[in-house]
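2 protein chains.
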Amino acid sequence: MFTLTQARAFIAVAEELHFGHAADRLHMTQPPLSRQIQKLEKSLGLKLLLRHPRGVSLTAAGEAFLLECRQLVAQAEQAPRRARLIASGQVGVVRLGYTAASAYRVLGSLLTQIKEAFPGITVELHEMVSARQLESLRSGSIDMGLTRPPFHLEGVESNMVLTESLIVAVPSKHPLAVRGQPIPPEELQGEQILMYSHGQARYFHDLVVGLIDVRPEKVSHTASQVLTLVALSAAGHGLSLVPESAGQLSIPGVTFLPLRNAPSDLVQLHATWLSSSTNPALHKVAGLLQEISL
Amino acid sequence: MFTLTQARAFIAVAEELHFGHAADRLHMTQPPLSRQIQKLEKSLGLKLLLRHPRGVSLTAAGEAFLLECRQLVAQAEQAPRRARLIASGQVGVVRLGYTAASAYRVLGSLLTQIKEAFPGITVELHEMVSARQLESLRSGSIDMGLTRPPFHLEGVESNMVLTESLIVAVPSKHPLAVRGQPIPPEELQGEQILMYSHGQARYFHDLVVGLIDVRPEKVSHTASQVLTLVALSAAGHGLSLVPESAGQLSIPGVTFLPLRNAPSDLVQLHATWLSSSTNPALHKVAGLLQEISL
DNA sequence: TCAAAATGATGCATTGAGGGTATCAGGTCA
DNA sequence: TGACCTGATACCCTCAATGCATCATTTTGA
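Heads up: the protein sequence lines correspond to chains G and Z, in order. Per the numbering used here, the first sequence starts with residue 1, numbered consecutively. Per the numbering used here, the second sequence starts with residue 1001, numbered consecutively.
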């Protein structure tokens, strides 16, 4: 097999078409250069150069091999730089898990800020619910999640990225929608309610249960995704409590009204990651999160 | 700078995560392998491996550099093969000059046969008149031409690829077209004739002059391209003599009739190339031409 | 708790690859 | 023909890579 030194030597000779000049360029003398080229030709089993009384010229194989050598040497020269960039986290990929609901408000702004701070970092988006995100963090298939509490897991670090309130999605024809006033929680008791599933959307389920007295006979349907509840409300199947950011969705048939006296930090969204991750780009992004607000 | 040997050594260690096993794989002993990796790390200024009491693991820089090394080594390994392929002519580019008229019949078939015999050879097409082709051959901007005689030039080799007859392009409303019979040469003397330019299309000019007595007052227009003459005939500007293959053009307003007693090898088309060319793919194609007929 | 095993690092002697100087061989040019 | 140019060869030297023997540290298991 040939060496990078031989490749560099060949490039010099092929460009100078003169062993002496090439040797100067390589800061060596002509005889060892001649031998290197001979050895290279022997190891390849190809004649690369035609020796003329006045300089040399390239054979077809030489022309072809010159192109290969240039590529090879260029790549060898930038390999350490690229490794350093990746190791420093300036260049890399962060696989980000997010819930559909979280995307409405923070995702765009988050991606913008990452791109601005670290143009070399690519964010790979993976939509999944909070529970899946924690599994994926552990198995290493994502680097960071945008997760709803709770996420008490060994080695998981986190940073709160968003707090918001809950609002009420009301079918547009519903009297409460027509009234257009903030809705006191107690007024919801008598209404048909769309509820979060206990298993799949535990966080929102428990939030709603803590806010209003949910009577089973008043629960028309159960779903796990915010978007689904809004769609069902739009279709007239009942009222639902959704995060404020879902109010940005413009879905015909549904009106969003504030929930009276609801604290503004009711719903939390946290960035989560494994402190043990070896992905430097992840740690850059995690560090960024502490400095910025979304 | 690091060497390919070090890159291979690092790949082995990174894959085995064990110096001893990696050394076995590289057919060497463990101590020099350790030292090679140390030297590599030193020359890069990066820690690539974390040494544990039980084997090693990769740092982020190591992960990144591993990818670079794999690429680098793969490229180094296939460089000789690719050079050999290009040198053998199995892979390469042949720049082919052709005249618009020659394209009508042989070009498609030629390209098909080349593709079949040498799938790795790409033909780059450059349309130009015969005289330009010879210039381009000499200057090295094409490798082969499809040329009309004469091409007596030092070092130019050739191979006849097509002989054909001349036919007469007659405006469809012309009495001779209506008659629809082969036309004797002497009958053309009294007609308006479209003539090839003496400078640009010397070959066809001389051919026509040799066949019929062209009286200057009967020459309505002069052009250098076969297609132009056919178009002018279609527009009713006179009769023209064109190669048989031009009869395949379906242009409204023109009828093609045989020229009575015209020999079938009147018009020749030759492939031409420089015997001194260093393009192996060209010589493959040139060799192919002697074996096939188009 | 202690000996054995595992694993990477280090010391040392040997070999060989790569470089330098001097010179040769073949060709060009005045 | 003689001075030159240019790549190849002969010969020597240095140093880097290898292998062997051994060390240091940690884990394992009785």
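Don't take every hint at face value.
[As the list claims (entries may be wrong)] Facing chain Z, from chain G, some residues (calculated, C-beta under 8 Å):
| no. | residue |
| --- | --- |
| 1 | Leu72 |
| 2 | Gly210 |
| 3 | Ser275 |
| 4 | Asn279 |
[What the hints assert, rightly or not] List time: in silico DSBU-like cross-link candidates among lysine-lysine, alpha-carbon distance up to 35 Å:
| no. | chain 1 | residue 1 | chain 2 | residue 2 |
| --- | --- | --- | --- | --- |
| 5 | Z | Lys1284 | G | Lys284 |
| 6 | G | Lys42 | Z | Lys1218 |
| 7 | G | Lys115 | Z | Lys1284 |
| 8 | G | Lys173 | G | Lys115 |
| 9 | Z | Lys1115 | Z | Lys1218 |
| 10 | G | Lys284 | G | Lys115 |
[Unchecked claim] Derived coverage of chain G by chain Z (criterion: at least 3 residues anywhere in the stretch with Cβ under 8 Å from a Cβ of chain Z; other residues may be distant):
| no. | region |
| --- | --- |
| 11 | 31-42 |
| 12 | 76-82 |
What the hints contain is simulated information worked out from the structure, not anything from laboratory work. Every value quoted in this text rests on a predicted model; they were computed, and no experiment measured them. Just so it is clear, CB atoms sit at the ideal spot from N, CA and C, and this is done for glycine as well.
Hint check:
A distance limit of 8 Å between C-beta atoms decides the matter here; for leucine 72/G the minimum to chain Z is near 6 Å, and the interface restraint holds. The interface hint given for glycine 210/G is violated, since its Cβ lies 43 Å from the closest Cβ of chain Z, which is over the 8 Å cut-off. Given the 8 Å rule on beta carbons, the hint for serine 275/G is violated: about 14 Å separates it from the nearest Cβ of chain Z. Interface hint status for asparagine 279/G: upheld, as the beta-carbon distance to the closest one in chain Z is roughly 7 Å, under 8 Å.
About 56 Å separates the Cα atoms of lysine 1284/Z and lysine 284/G, which puts this hinted pair outside 35 Å; it is violated. Distance restraint check for lysine 42/G and lysine 1218/Z: the Cα-Cα separation of roughly 70 Å exceeds the 35 Å cut-off, and the hinted pair is therefore not satisfied. As the CA atoms of lysine 115/G and lysine 1284/Z are separated by approximately 52 Å, the hinted pair breaks the 35 Å bound. Restraint check for lysine 173/G and lysine 115/G: the C-alpha separation of about 43 Å exceeds 35 Å, so the hint is violated.
Proposed proximity of lysine 1115/Z and lysine 1218/Z is contradicted: the alpha carbons are some 46 Å apart, above 35 Å. As the CA atoms of lysine 284/G and lysine 115/G are separated by approximately 12 Å, the hinted pair is consistent with the 35 Å bound. Counting residues of the region 31-42 of chain G whose C-beta sits closer than 8 Å to any C-beta of chain Z gives 0, which falls short of three, so the coverage hint is violated. Check on the region 76-82 of chain G: 5 of its residues sit with their Cβ under 8 Å from a Cβ of chain Z, so the three-residue criterion for coverage holds.
Hints 2, 3, 5, 6, 7, 8, 9, 11 from the earlier list are contradicted by this structure; the remaining hints agree with it.
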